[in-house]
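Residue-level listing of the chains:
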Amino acid sequence: MAASVPAIEGWFTTGDEPRLLGSRCTDCGTVTFPRASGLCRNPGCRGRELVAHELARVGTVWSYTDARYQPPPPFVPASEPFEPFALAAVELAEDGLVVLGQVAAGFGVEDLRVGMRVELVVETLHELDGVPQLIWRWRPLGEVAA
Amino acid sequence: MSAPEPVAVLGVGMHPWGKWGRPFHEYGVEAALAAFDDAGVAWSEVQFVAAGETVRNGYPGYVAASTLTQALGWNGARVASCYAACASGATALEAARTRILAGLCDVALVVGADTTPKGFLAPVAGERWDDPDWLRFRLLGATNPAYFALYARRRMDLYGATAEDFARVKVKNARHGRHNPHARYRKEVTVEEVLASPVVADPLHLLEICATSDGAAAVVLASMDYARRRGVASPVRVRAVSTVTPRFPNTIIELPAFATDSAAAVAPPELTFRDSIAAAAYEEAGLGPEDLSLAEVYDLSTALELDWYENIGLCKEGEAERLLRDGDTAIGGRIPVNPSGGLACFGEAVPAQAIAQVCELTWQLRGQATGRQVEGATAGLAVNQGLFGHGSAVILTA
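Sequence order for the protein chains is A and B.
Under numbering that gives the first Met the number 0, think of the first position of the first sequence as 0, with each following residue one higher.
Under numbering that gives the first Met the number 0, think of the first position of the second sequence as 0, with each following residue one higher.
Don't read these hints as lab results, they were simulated from the structure.
Check the hints yourself; a few may be wrong.
Said to hold, decoys possible - Derived DEER-like restraints, expressed as beta-carbon distance ranges:
#, chain 1, residue 1, chain 2, residue 2, range
1, B, V62, A, E79, 37 to 43 Å
2, A, G43, B, S233, 42 to 48 Å
3, A, D26, B, L270, 23 to 29 Å
4, B, K18, A, D26, 48 to 54 Å
5, A, A92, B, E318, 23 to 29 Å
Unchecked claim - Which residues of chain B face chain A? A partial, calculated answer using Cβ under 10 Å:
#, residue
6, R127
7, R135
8, A141
9, L149
10, P202
11, P248
12, S261
We treat Cβ as the ideally placed atom computed from N, Cα and C, and that holds for glycine.
Could you put the whole structure together from the sequences, leaning on the hints where they help?
Right, dumping it as structure tokens:
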């Protein structure tokens, strides 16, 4: 099998402890995901130096759902027939934002709850020309944050 | 700022919602002609045309105002084509209203029309790696219903909303829309039928998610002076139009985004974006939720209608289910919501929808909403939200 590659360049790191890659304004500390360039999004800041920033690996579920029907293109199904998958919006407290992602393979909405802790993993989204395309996903850790 | 002068709604008209696949301007022409007849205004008198753009119809759709003006027969009117996704109609309405209030024209046509494909709304074809709307499908498979479902699930886990509560929104709106001649779906449904329809995005079922429709709506707006000169002493009035954008940081995830703004450096504003849409309209009109006789809200999903009850101040956060269960938002209740039947009965014709909401408020405030009339209606709010940070709220009074 061909070596896997990220489905999109520069949005996340791979390896044992993957991280989402965003940006952080060196003037005010505002974080963005995905990475932004140009003027800081904080309307009270004129910062233009938005440096690479690794987001927290663990967060809490803001909400969740699933896709029971195959989404339209440009979605590329991983299997035939289509297998439903779950999605979670996850709050990363220290970065001050909520990031959407698919939920790790093998987990569904019944495994999730608002407030549950989840961690970032990287898994295969689909294959293109035999090359696995990697994507970030959220894996439930079971506990519900206080 | 003091409250602006009202402008008069002289006429309204719609082409029924459905699915026929005809060119969008054919629907728009019918809606416009109906509005002219309702207003007693001839096309030759219209000085300005503001139209909601439709993005799925090629370049005639991008220049909807001139396309529709040509289809009605060039009359020399000035035009503006407006795009603000689902809020396009409100942006067009605001363009016409402000032109009238500035004294630059007396009478204007506001119109929106769409023809739509089947199934999920999908981005236009082609590879666009810098377009979040394309990327969310490619990288996440996140459809529009997925985002609606996130809001729905949050209501369940935080406020104890149930699947039956959400289904009851559909049941209520189906009952309201049953007698609406412009609605696409005019059949009552039961809670059991809603819950027996397939789950699209947990917890939302097929019958809880709005369809995409063909349709058109039009409004003839005029200055109060023009209305008086035409012998219309007491027209329905536009009292406020809100087309606000979010304030940073917007901390609610919204389609098509991958993430919210960050509150790491700046605390979130007091009002969420959706709260701020109606708040700006109330402030401009000098009215509050307690003054409303009815509201038309953007029920892209059943659960989203409940969010709106809170966003427009009908109740506190987490109390919308109680309002619904008590029958407060049904016709005959304290504050009927979506007496037209809402998107549940119409499906969404994007550039027409905010204008259709204004048509319904107008009929209600004139006492002409046969079969679905909110008795003694004196003030109504229409509210919606378009992709990419477009707010839309309109307040009309009798």
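Hint check:
1. For B/V62 paired with A/E79, a C-beta distance near 41 Å keeps the hint of 37 to 43 Å intact.
2. For A/G43 paired with B/S233, a C-beta distance near 46 Å keeps the hint of 42 to 48 Å intact.
3. Distance hint check: the CB atoms of A/D26 and B/L270 are about 26 Å apart, consistent with the given range 23 to 29 Å.
4. The hinted window of 48 to 54 Å between B/K18 and A/D26 holds, with their beta carbons roughly 52 Å apart.
5. Distance hint check for A/A92 and B/E318: the Cβ-Cβ separation is about 27 Å, which falls inside the suggested range of 23 to 29 Å.
6. For B/R127, the shortest C-beta to C-beta distance to chain A is roughly 8 Å, which falls under 10 Å, so the interface hint holds.
7. Using the Cβ-Cβ criterion of 10 Å, the hint placing B/R135 at the interface with chain A is satisfied: the shortest such distance is roughly 8 Å.
8. This hint holds: B/A141 has a C-beta 6 Å from the nearest C-beta of chain A, less than the 10 Å allowed.
9. With a least beta-carbon distance of about 4 Å to chain A, the hint placing B/L149 at the interface is held under the 10 Å criterion.
10. Among the interface hints, the one on B/P202 holds; its C-beta lies about 8 Å from the nearest C-beta in chain A, closer than the 10 Å criterion.
11. Contact between B/P248 and chain A, as hinted, is supported at the beta carbon level, the nearest pair being about 7 Å apart and thus within 10 Å.
12. Restraint check, B/S261 versus chain A: the minimum CB separation of about 4 Å is within 10 Å; hint holds.
Checked against the numbered hints above, the structure breaks none of them.
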